Structures are given as C-alpha cells and as structure tokens.
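Engineer: Residue-level listing of the chains:
There are 2 protein chains.
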Amino acid sequence: MTMRDFSTDHSALALNTASLGHNLDGHGAGWSPERVIDACAARGFGSIVFWRREIGSRAVEIGERVRAAGLSVAGLCRTPFLVGAEATDRQAVIDGAKASIDMAAGLGAAVLTIVVGGVHPGTKGTAESLKIVTDRVGEIAPYAAQRNVRLALEPLNPVYAGNRSCLVTLRDALDICDAVGAPSLGVAVDVYHVWWDRGIDVQMQRAGPERIFGYHLCDWLADTTDVLLDRGMMGDGVADLKAIRAGVEGAGYAGPCEVEIFSANNWWKRDPGAVLDVMVERFRTLC
Amino acid sequence: MTMRDFSTDHSALALNTASLGHNLDGHGAGWSPERVIDACAARGFGSIVFWRREIGSRAVEIGERVRAAGLSVAGLCRTPFLVGAEATDRQAVIDGAKASIDMAAGLGAAVLTIVVGGVHPGTKGTAESLKIVTDRVGEIAPYAAQRNVRLALEPLNPVYAGNRSCLVTLRDALDICDAVGAPSLGVAVDVYHVWWDRGIDVQMQRAGPERIFGYHLCDWLADTTDVLLDRGMMGDGVADLKAIRAGVEGAGYAGPCEVEIFSANNWWKRDPGAVLDVMVERFRTLC
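For the record, the sequence lines run as chains R and U.
Quick note: the first sequence uses full-length UniProt numbering, first residue 1, plus one each step.
Quick note: the second sequence uses full-length UniProt numbering, first residue 1, plus one each step.
Because the hints were derived from the structure by calculation, they are not lab data.
Please note: incorrect hints may appear among the correct ones.
As the list makes no split between identical chains, a pair holds if one copy fits it or if it spans any two.
Restricting the straight-line Cα-Cα distance to at most 20 Å, the calculated cross-link-like pairs of lysine to aspartate or glutamate (EDC-like) are [claimed, not checked]:
#1 Lys269 - Asp236
#2 Lys131 - Glu34
#3 Lys242 - Glu128
#4 Lys131 - Asp178
#5 Lys269 - Asp230
All values reported here derive from a predicted model rather than from experimental measurement.
Okay, chain R solo, but in the shape it has when bound (with noise of 0.2 Å):
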C-alpha cells in the first residue's frame, strides 16, 4: 500500500483553529474567521475544523465564505459532554447535542466531533458511563443521519478518563459504534491521544473507512507539561506519526488530516500566519 505524498500535496491538511487559540481563555490573535479562512486559502489548506463557540448565530454564512474561498469544512467541534458532572439531565444533554448538530448542518460540516465527558456522578470506573454515552448516542444518532451530519466519537488519552472522556480507546468507541449500528456514527483517530496505544491498527482495521470520520494530528511532547495546553506540533515529539498515519492509511482513511495543537505557551503566543507556515512545512515533510 502506497501512502499519500503530502510533501507534493497538502490539500488533505485541515486546520482546526484551535491551534490558533481561538477565543479560548483569551489565548491566541483573535483573528475572525474570515482573517483565519484567507490564511488558510493563501496557504494551501484543503479545509478548515472550527469550534462551537467561534460560529455562533453565523453557521450558514461562515460555510459559505469557506466554500467560496475553494475550501470546506471538515468538521465543528465538538457536542457537549453527553454524559459527566455537566451532563446529569438526559433531555438537556440531547437537545444540546440536537443544536449542534443543527449547527454543523448549517456549516456543511461533514463531521461533528463528540468529547463523551468523565465518569457520571454516582458511577465508578468507566463501564457505566459508556453504557449511558451509549444510550444517548443511539438517540442523536438518527437526528444527526437527517441533517447529513456525521457523529465521530473520539476516545481521549487515559488520562483524561475522570472528567473529560471516559471514552479512551478506539477499542471501545468501536464498540459503542456496534451497539448503536448507525452508519452516521465513526470515530476520530487523534495522534495525541492513541500514540501509546499498540493496540490501534487493529482496531483501525476494524473500523475501516467507512467508519474514521477524522485523523488529527499533532505530537506529544516527551516531557509535557500540561496534559491540557501543551501539545506539541508535528515533529518536537516522540509519537510515531509515519507510523500511525501508515496505519489509518491502511484501513483505508483517505480524508483530512486535521492539525489541532492545544499551546498556551509556544504556539498561541505566536502570529498566526508563522503558525500556519511552520504546520504547512512539518506536514508537507514529516507527518
């Protein structure tokens, strides 16, 4: 099997904005996403994965203006947590989920990403916490297949299993995949939160292509110092991106790879546009 050859093409880089800080805690430029589609136009990206609370009230307008300047959206991250401390009221979480569905609809998104949220309170260990993520998947699931949104369920690093994911291996969000049975419903492969875990060309295999949604990339640092806001971009650190791209690849992934490097203190404190520039080459000879 022949990899892609991104050092002669790089319209498969997709950048999810929060690599540039966008409004998060008041990190990054602030650039609109105007200023941040045109930086990407002008450098070649194919597409563009942007957050909830960047689009607002301006979903159809902003797909547009992508799609205008010869690019698409990837994806809109990301459903709030369907299950957790912040998700205790069934029907809330739903409608919740339903809106930003509707949301991604209104991009043209082709994917929403979903962060399942920790252990529920009252729970312990993981198991039932995926049982609940289960149940209100199988609910969104449909509403998502109307609206041509597809749902991709992304496991998180182990370490985030308290309060964030108690989702953390493709292995298991494969298997809520199988429960639910919904063809709208795949998972996102993320660099930072699968590169220890040699158990994933074999659940990638599984998957298949019609079942990975997204590929995300960035590095994990050796000595990270934030398991938060201190990834690394592609090359300063010790995950095996060749490899684990060869695996996805292989299962037959042949959309975006999406750069989403979370940095509070190297790369949102940079301009934008070099930010762009520096991801551009490392994808083009590393990635």
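For chain R, the structure is supplied; the task is to place chain U on it using the hints.
Structural biologist: Just chain U, lined up with the frame of chain R:
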C-alpha cells in the same frame, strides 16, 4: 469466587512508604524506616514497601527490623529506568539494575518493581523502546533469580509514556514476560495506572497467579490537578476498586495490597499516623 474479606482481616494491607511522602523533594514528616515499621505494626499492616533512597546501605538491618516487628518487606521501589533519556548506557543500566536487585535481596523484599522509562532517544513511538526493555530485562532476570528476587514490570498510565514508562498496558507487560520467559519476571497491577483499561480482566487472567507479583491501591481523582503528585486515597476518586480487585483475585492473586499515594498537597501534609489510620479504615471498608 469469593473475594477476601478485609473488614475482618486487614493483614493483606501493605504500606508503600511513598504514601507518607518519604523524603522526596522534602515532602513528608521525615519519619525513619524504624518509626514507619513500628507505626505499621501497631495498626496491623502486614507488610511494607520501601524506596531505595530510604534504605541506603542499611538493607539487611532494615529487613530484619521489619520481620522482628512481625511484618514482611513486600517490595522495593525500584530499578533505575531501563530505557529512555537517562538510560542510554546499556552496561550502566544493567549494573544499576543489578545493584537494586542486590538491595532487594538484602532487604529480603519479595518483589523489586520495574518502572521501565520513557521513549528512547532517537526513536519514535513505543515499539523500539519496548524492544530495548525486553533486551535489558532479559539480561537482569537470571541475576534476579539467583538472588531470589522477583521482578515486577509495572505498566504506568499512558500519560507517562513519553518520559517515564513506554510500557503502559498490562498487555504489553505480559508480552515482555512472554518474550523473556523467566519465572522471576511478572507484573504489578496498579489501580492508578490501569483503572481506565477495559481489557485488564482478560490480561489478568492471562497473567495468572504465577505472574501477578503485586497489586497497588490508591484512587484516581476525577479532577486531578497533577498526574504525578495528586493521587487520591481509596474512595475519594472514580476508580472501581472492588471490580479491579475482583479481577485480580479472580486471576488467582492472593498477595499484599499495597497503598501507594503520591499526594504533595494533601496526604503528604498530614500527620503520618493519621494517614495510616485513614488508610486502614478505607482498606477495611472500601477496597
């Protein structure tokens, strides 16, 4: 299968002295090994696990002191890293590991724990590093057998994969055990590191009683503030302690349950005697 009943007999309880802050970075009350031994004996602990820094050249003396108090030395923490940035000189690594085996033998410690170290310089991902671990463990295992010391490979939470332990799952630990094939080599199961892993029951069955050399207790705090020094006391977090113990005992383990709580801002600031009292109470009622 019936689990052991700790409410009527807590002699399986072992103190890992890290829970009292030993002398790490100036934390803890600075109790001598002798004072720790007496405090554990007074409360019915069955055994103690020390760290090398506490032992120095007094291994034989301290071991005898423990046994004179009616306890045993359940283990010694730990070999120096076998791989990673601090372990580039193979012979120095082997020599250092053998010296820690000698210390364990002098103490009469049942088990010497191995935390393997992070991703090796010049490599990416964990595969190459795990091969180096396998080579080096294979080199020291016969020496450990000669000295009557069992070696326990301890997989750490994946958050440490970069710089502390490229070994992050029981599955990978048992793969190394299989590759080395030495009866002196097994695994340690630590709640903090494996609580999120839905594959552990299968792996504990695979390990069996002849390869599970230790079971470590603490809790994972849902909103942990520091992945190194903010472990929870049993019952304060979200790990399913009963379910994990059912798995480890279901696999045939009947050895010590070692409480190991790194907690710079909470338990290490309390009176060690009071900490031991809480530990006994939680162990008898919640573990």
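Engineer: All hints, please: hold or fail.
Structural biologist: Results for each hint:
1. Taking the shortest Cα distances, Lys269 and Asp236 sit within 20 Å of each other inside one copy (17 Å), while across copies they are farther apart (37 Å).
2. For the homomeric pair Lys131 and Glu34, neither the shortest alpha-carbon distance inside one copy (40 Å) nor that between copies (49 Å) is at most 20 Å.
3. With identical chains, the CA atoms of Lys242 and Glu128 are at most 20 Å apart between copies only, with a shortest distance of 14 Å across copies and 35 Å within one.
4. Taking the closest pair of Cα atoms, Lys131 and Asp178 come within 20 Å of each other only inside a single copy of the chain (13 Å); across copies the shortest separation is 34 Å, beyond that limit.
5. For the homomeric pair Lys269 and Asp230, the shortest alpha-carbon distance inside one copy (12 Å) is at most 20 Å, but the shortest distance between copies (29 Å) is not.
Of the numbered hints given earlier, the model fails hint 2 alone.
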